[in-house]
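Q: Here is how the chains run, residue by residue.
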Amino acid sequence: MSNKPAVSIKDMLKQDLILSSGHRMCAGCGAPTVIKLMGMALRGPTIVCNSTGCLEVATTIYPYTAWKIPWIHVAFENSAAVASGALEAINAMREKGHYKHEHVDVIAIGGDGGSFDIGFGAISGALERGHDFVYMCYDNGAYQNTGIQRSGATFTGQETTTSWAGKVIPGKLERKKPLAEIVAAHKIPYVATVEPSNFRDFIMKFRKALDAEGPGFIHAFSPCPRGWRSATEETISISRLAVETGLHPLYEVINGEEWIMSGPSKRVAEAGLKPVEEYFKTQGQFKHLFRPEWEGFRKKIQEQVNHDWEVLKKRCGVE
Amino acid sequence: MSVPKNKITVEGLTGDAAIAYALKQADLDVLAAYPITPQTIIVEDYQHFAANGEVKAHVIPVESEHSAMSACVGASAVGGRVATASASAGLALMWEILYCAASMRMPIVFTVANRALSAPINIHNDHSDGMGMRDSGFIQLYCQSSQEAYDTTIMAFKIAENHDVLLPVMVGIDGFILSHNVERVEMLPDDVVSKFLGVRKPFIALDPDKPITMGPLALTDYYFEFKEQQDKAIMGAPKVYKEVEKEFADLTGRKYGLFETHKTNDADIIIIAMSTMGGTAKVVADAMREKGDKVGVIRLKMFRPFPAKEIAKVLGKAKAVAVFEKAMSFGAATHPLALEVRTALYDAEERPMVVDFVVGLGGRDVTPMTFVEGIEKTKKYIAKGKAPMYETLGVRK
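Chains as they are written, first to last, in the working numbering: chain G, 1 to 319; chain S, 1 to 397.
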């Protein structure tokens, strides 16, 4: 696979928006920006299959829709399966001469609950079957739509309404599931992590995922001011901080084998990780970690992040 | 109009194989399915057709039945002709998406080899799976023979895809009893089926030239209207069913109706049963008539929508109706088929006694003697003027 898509980033930035204004996502939500950037990467006729979640409910309140491209929602855990059906039906109809478009891209989108947890089986199945589609997980770190419950994507130490910071428990105790790594282990052609502050990196990677022959997977970090108790105007800077602290490093994995650290994370590797405290301080959901009794716990989180970062650097051949 | 005899292929086929052959001739775009006994042969045979290049469909060997029905919804949404097959636990795993498929008005054909639900795990026939999904919004057609399974599977696409219907259709055959039983089947030439079904013309589809949003959020202000329309659509299905069946009968000479009647005109006791039990019931009715008992049979094919008025009309003249059904609705006043029959009769001028026999759960044989036992009991209940709401037959108590 070529490292550079055929179209320039300048052209991509000129693309029509696929999501109209007037959608009802919260102020400061990262998801509409994630979708805007995804839209800039599109290469032609596209169909979106969206799992149940914030993005789905807030953009398609009947009789309105914010979507300017064909879009379908069926349920929470099945967007990868819906996408495989849509794609293969189009392929079959085209082969029979019943379909007018030369090519249609099919993209499945799920939140972290729909991807890390309940929809994981459907994603794994679709990847194994090798459909030529792109799955994007927009990860806001919890079941924000149902009221901020922990998911497999929730960070260690994060407080949610099902992982409370109490007198004896400091938020979520478990690790975040390494979804992109697990997906890469399916040996699919293309996996990448992205986030909205590094928008060029985002768009170029999304385009590569579309261009890959076979499944492409995008793990997009997407801040949630309501759930995270962060300032709405800090969404982009918090997202950048997630990269700078190593909590959401940016990389690509080709065919499950070739690990490439992306520019923004490479620069972090040169400068050194910022302490996770800097990230935690921006959000109410980590406030309890600064209580004296959780200092040791906080240090352990830092050690884990450092360890994971070193493993990633090694995989990517970054010194 | 009728297809000449020399163009008809006759083969001995199991119910599963007959369905697989019908799916082959229906020229699907997508078949998405997961293996489960006793349905699996449908998918195996279809994959065999695919491996030999005899079908142009894309077969999606999904990782679960939940994904099977989900993939069918996606495929149907872009305008494809779509089918899946399942049974029992697999059907239960689809349950959430069954409702989505119906409510999103996706004309998917769903062939089911009806099988008991766990627990205990049991691979044999009853109607627990089909009855469990009866409120999902699917049209439900239960078949008595391999021939009927073949015919109904073909007709199902034409019914489902009709713009006045646009609903998924379940075609049920009794697991093992029919799915694995070889019977004589007459098959139409491919071109006749192609002409009969044509290429699906979707009412609306996900189309990049005309972007639409499917499956939106509809709350207190609009959800109910969606359901109102869905209700109208399914209640209008029998009209389309009859039209399609007439057209099919013109080609083949075969038709089944919403239900079959057998010697019901002068019957004192009318048996109502579904699927393969219908055949046994007819034989028993004939035998009992020789002894002077006026027994008739309704073999119900269309369970959803339930042909209440038509059934009430046939039953009205009898003294009693003996329902034989292979499912329980635990805790209900009586069981699924009898609930429908009783409701159908409530407003009738002539109301026969309704006796409900639950039989054959988990594949226990429903023999002619099971019917005889039920009829003898019914005769006693008629004499007493009173019957229990339901009872089980053929079980250790």
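Hints were generated in silico from the structure; no laboratory data involved.
Be a bit skeptical, because a hint or two may be false.
Claimed, not checked - Covered stretches of chain S (chain G as the covering partner; in silico rule of three or more C-beta atoms under 8 Å from a C-beta of chain G):
1) 47-58
2) 96-104
3) 373-382
Built from N, CA and C at the ideal position, the CB exists for glycine as well.
Q: Quick one: which hint numbers does this structure break? Sort them smallest to largest.
A: 3
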